[in-house]
Amino acid sequence: MISFIVRRLVGAIPLLLFISVVTYAMMALAPGGPAAVLGPRGQGISPEAMARINALYGLDKPWFVQYFYWLKQLVLHGSLGTSYVDNRPVIEKVFEKLPVTIEMVGLALLLTLIIALPIGIYAGAHRGSFFDNASSAVGFVFYGMPVFWLSIVLIDLFAVQFRWFPSSGLSSLGREDDPFDRLWHLVLPVVAIALVSFVSWMRYQRSSIIEAMSSAYIRTARSKGLSERDVLVRHAFRNALLPIVTLLGLSLPALVGGAYFVEYVFSIPGVGYLTFSSIFARDYPTLMAITMMTAVLIVLGNLLADVAYAIVDPRIRYA
Amino acid sequence: MRGSPSWRRLAACVLAAGTLALGGCAAGADSHHDPNTLVELVRTDGATMNPMFAETVEDASVYDQLLFDGLSYVGADYLPHPRLATSWSASADGLHWTVDLRRDVRWSDGVPFTSKDVVFSYRLFLDPKSGYLDVGDIKYINRVTADGPYRVHFDLAYPSAVFTLNALGENLVPEHVLGKIAPDRQRFSSFGEHPVGTGPYVLQNWQHDSETLFVRNPYAWRRPKIARIDVRIIFNDQSEMEALANGSADLIDDLSLTQYLQLQHIAPQIKLMTFASLYLDVVEFNLDRPGLSDVAVRQAMMYGYDRKALVDGLYDGKVAVTNDLIVSALKHWYDPNVPQYPYDPAKARAILDAAGWKVGPDGIRSNGRTRLSFELMLNQGSSIITDEMLTFAEDMHDVGIDVRLRQLDFASLVSRSFKGNYDMTANGRGGAVDPDLTTILASSQIPPNGSNTTHYRDAIVDRDLKLGLTTLNDAKRREYYDQMQVELSKTLPILPQRGRFSALAYASRLVLNPKTTLQSPLLYFNVEDWALTP
Amino acid sequence: MRSLRRFLRERSAVAGVGFVLVLLLAAIVGPFLDTTPPNMIAHALIGQPQAPSGVHWLGTDLIGRDEFTRALYGARVSLLVGAAAMAVSFTIGIFYGAIAGAAGGIVDSLMMRFVDAMLSFPTFFLLLIVAALTNTFSLTIIILIIGLTSWPGLARLVRAEVLSLRERDFVEAARALGASPARLVLRHLIPNALAPVVVAAAFAIGDNILAESSLSFFGLGVQPPSPSWGNMLQDALTPQAEAAPWMVLVPGLAIVATVLAFSVIADGIRVALDTSIGQEGTGDTLDVEPAPYAAAPATAG
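Chains as they are written, first to last, in this note's numbering: chain L, 1 to 319; chain Z, 1001 to 1534; chain B, 2001 to 2301.
Okay, chain L solo, but in the shape it has when bound (with noise of 0.2 angstroms):
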């Protein structure tokens, strides 16, 4: 197993290497760069201004020498540079934003599972009742709804029409340290999030516990005696659990890469936000330092799903 984990680790660096030249290429390729954006009254800046930037930064360099000094900055000195936009690090701007997306996306993760748990389990012991079928449907239908117009529809209704929640950002005026008070903010946006997600979750689920009940060593329990209810306790949840476990870990890159359509409509600063602002403003490093860290997160997110499925299952081993 350790082998098998420091394979995939070492296996992973010309992955992240070659998704880091890749981005950066295509980054430059994108037209404009962070000085056409430049411009206190947003009309852009002069021609001589504009030139002084790319010269400061590097700017007017073929891609291939920009990204090297990235690199360099990278291996030799452990930074990620400093932001185009403020000329504050990365890192600060990055790790500042993080919390909030973490908090929100982990919220809703456990607002899906909560969901989609029970309703999973209960609909895939009992297959083909009315509840079975109407939880498939009814995850169906949020499934099918853009998450940005349910956030939108659930702005125009709980928050402008009833108003029991706020229609955006963090946190109102004056109660920025109150955890309630960003709890109340956060309460539309996690659970846009859920709605539309839940259903992957619940089958995924139903379906394992219908394989886990159905399959031979369950039969044997059966025959021996045992009844329903334990069977399905004591033996099919084991193995039914495993799908989650797997999805959890596939599902780490989403706490960084962030929901960046629920923070924009609900204006949350947070990852997917500055995502967002870094590709409009240009901001090579804040973009590079964000793509590295979603990518960092999906190789170990794979890692330790695949690890996770050797542990639950006892008949996975690797080599």
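By construction, these hints were calculated from the structure, which means they are not laboratory data. Any given hint might turn out to be false.
To be verified - Reference listing, derived: stretches of chain B covered by chain L, where coverage requires no fewer than 3 residues with Cβ under 8 angstroms from a Cβ of chain L:
{"#": "1", "region": "2095–2106"}
{"#": "2", "region": "2207–2215"}
Unchecked claim - Listed below are the simulated BS3-like cross-link pairs for lysine-lysine, each with C-alpha atoms no more than 30 angstroms apart in a straight line:
{"#": "3", "chain 1": "L", "residue 1": "K61", "chain 2": "Z", "residue 2": "K1139"}
{"#": "4", "chain 1": "L", "residue 1": "K61", "chain 2": "Z", "residue 2": "K1490"}
{"#": "5", "chain 1": "Z", "residue 1": "K1331", "chain 2": "Z", "residue 2": "K1358"}
{"#": "6", "chain 1": "Z", "residue 1": "K1318", "chain 2": "Z", "residue 2": "K1515"}
{"#": "7", "chain 1": "Z", "residue 1": "K1490", "chain 2": "Z", "residue 2": "K1308"}
{"#": "8", "chain 1": "Z", "residue 1": "K1419", "chain 2": "Z", "residue 2": "K1129"}
{"#": "9", "chain 1": "Z", "residue 1": "K1129", "chain 2": "L", "residue 2": "K61"}
{"#": "10", "chain 1": "L", "residue 1": "K61", "chain 2": "Z", "residue 2": "K1419"}
{"#": "11", "chain 1": "L", "residue 1": "K72", "chain 2": "Z", "residue 2": "K1180"}
{"#": "12", "chain 1": "Z", "residue 1": "K1129", "chain 2": "L", "residue 2": "K72"}
What the hints assert, rightly or not - Looking from chain B toward chain Z, a few residues come up when the C-beta cut is under 8 angstroms (computed):
{"#": "13", "residue": "S2138"}
{"#": "14", "residue": "I2141"}
{"#": "15", "residue": "L2220"}
The C-beta atom is built at its ideal place from N, Cα and C for all residues, glycine as well.
Start from chain L and add chains Z and B according to the hints.
Same frame as chain L, but now just chains Z and B:
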């Protein structure tokens, strides 16, 4: 749900429910009402407090005006007045200026302000390695020298009528703080997070994208009445209005039209002020493109575009159709007598017919070589502008011109404009208080030399721009700019649509004099005179 | 076939097929029957969206355009983009995944690394760049963009199926008979891996419709004035939309209904195909579920 509301609040809620869902109902939000703190709401945060690199609207309009001073400032009459300077004078040929400085000014760390700071600032700004953004305003300064601690001399490459307004208006930076840093490292210094200026306020605390707190500068020579200014970032129009309505905030300086319309229904504790905007929205042409190079086509577009219907429909009549590139807010320079272009599609068709553009079987005109079919690029993200441009495209179709829309992000727009890779683009212009339009209209400024992205070449306008810029006599300047406006109106490199909407809203406890209040971005020029009634 | 009968027994799936057929019909024929031009701006109605009425069945938008007609034209876009992008991503994904799974070893490893790389890019950024780079922005470009960003997930799926199938009896038999690798892939692996793929295909159409609507909402998809359900939602964030809920609901519900229809169809196919490939057990073990089969089903956007 927050705690249960008091009955009085509930009754107020019921009343307010009859209006546009505003009112003091935002559950639980109380008035952040320190009598000495002005709470202001903005929609985006600034990027840096270093005035050399002011990049966003917030940087330049709010933060820098609170923290820094220039030698001159723009007053309520839109003219330059001395600020850190006490007086200035020019030589007869306009090439040499002498500026006398105030003697009672200190930086926020107590160090006295002297001519050393002025010389250092301008030399740094002019240094190509510093990456100073506003270099366009000062590049004709050849030399800056000190003459004793309270006098500075400027030598110019050519006389400029906007020298006192633009060049002397640059925010100055302290030599004793930034002098140790090499020019190419200026952009990376911590000055952007820890600024030191001569302005009425200093930065106390900055939580990015959340809140910025300014307090009175202990050494301020312009001592403000209000002790603290708290700038909050609220991304969303609705939340901004709610905060203002329930008393948690005191000022929104850049009100959108819909906010304005909704706030009008609020009880008199909210005051509103509208201005003739300094900005206008336009459609720009790439004059090198076949079809667009024909002035008849452009004039036909003006006649064929029903701007009034849009202004009435989408803007409730609260902005004005304009035919000038010089906005009506600049009373000193605005000429209402330029040729108007009332909506007249029949006339548009006649002009096109006369110029040889015949309607083809698909309804689009062509002169045999060129078909009048163009792509109009615009910024994605504003649905109102998109709807306006859609209506424009419809109007154009009615007179036989095909206009296709293309939404792009801002950086791509700017890039394509400068590369000349476009037909037409929706754009915003204005913002300056001086009528000089050299950078966008002079033929010498065609990219890569300048920002004349329409590639306009007109001898009369070139001449008027040159004379207008280098003549120091206002009356003569007025003549040149009047001629220029007439010529611009005839040749139409840019199609003016309408002014923007400009308004601010504030709580009644904030005392603002309508006669001496300027619109954003110039609002804070007299912030030291503002007061909060208890 | 037995599968067909099983499919027909799933009522929701049949309803889904019915809906899609009606939508298809409406999309194809509708624009000929409905004579209102979808892009015609009613100058008198600018700024005053009209509620649904006898004249405008689903109301008008902010510049007086008829919502019903636009929704009809938007259906064309959605169905076309949904299906075509699916075709693109599936063609690439199936072959890529099958080859990787069949080859195994280093080749498989490398190929899957590349897939991982593709899945790590922030998709929206990719889309923005491509949108900005292309000079003429057509439906083809949009289809290609969506198709080219969604094939990796499918490749993974196919590869997993192929891997599990590789060990099965009939493959052994074919190999024993001396079948060449190409023959193996084409004649044996792909057809048998196809069951989950078909299910994924139906889900994919729904996903692509969602992707196109998101792109268009941000102005980087179908360009105005051409209607698309996504760009019809651009006005949804304006304050006028609060007083005119049909502007938000008409395009939104159209998307929901269509994606729902494809989802239940996919589910029905899943149930139908499951037992007919002779899997042991009581079915419902076809592990294909709705998710943009990318790394994180919990990512909403």
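We went through each hint and held it up to the structure:
no., hint, result
1, 2095–2106, "violated (count 0)"
2, 2207–2215, "holds (count 3)"
3, K61/L to K1139/Z, "25 angstroms, holds"
4, K61/L to K1490/Z, "43 angstroms, violated"
5, K1331/Z to K1358/Z, "42 angstroms, violated"
6, K1318/Z to K1515/Z, "20 angstroms, holds"
7, K1490/Z to K1308/Z, "20 angstroms, holds"
8, K1419/Z to K1129/Z, "24 angstroms, holds"
9, K1129/Z to K61/L, "16 angstroms, holds"
10, K61/L to K1419/Z, "18 angstroms, holds"
11, K72/L to K1180/Z, "28 angstroms, holds"
12, K1129/Z to K72/L, "23 angstroms, holds"
13, S2138, "11 angstroms, violated"
14, I2141, "12 angstroms, violated"
15, L2220, "7 angstroms, holds"
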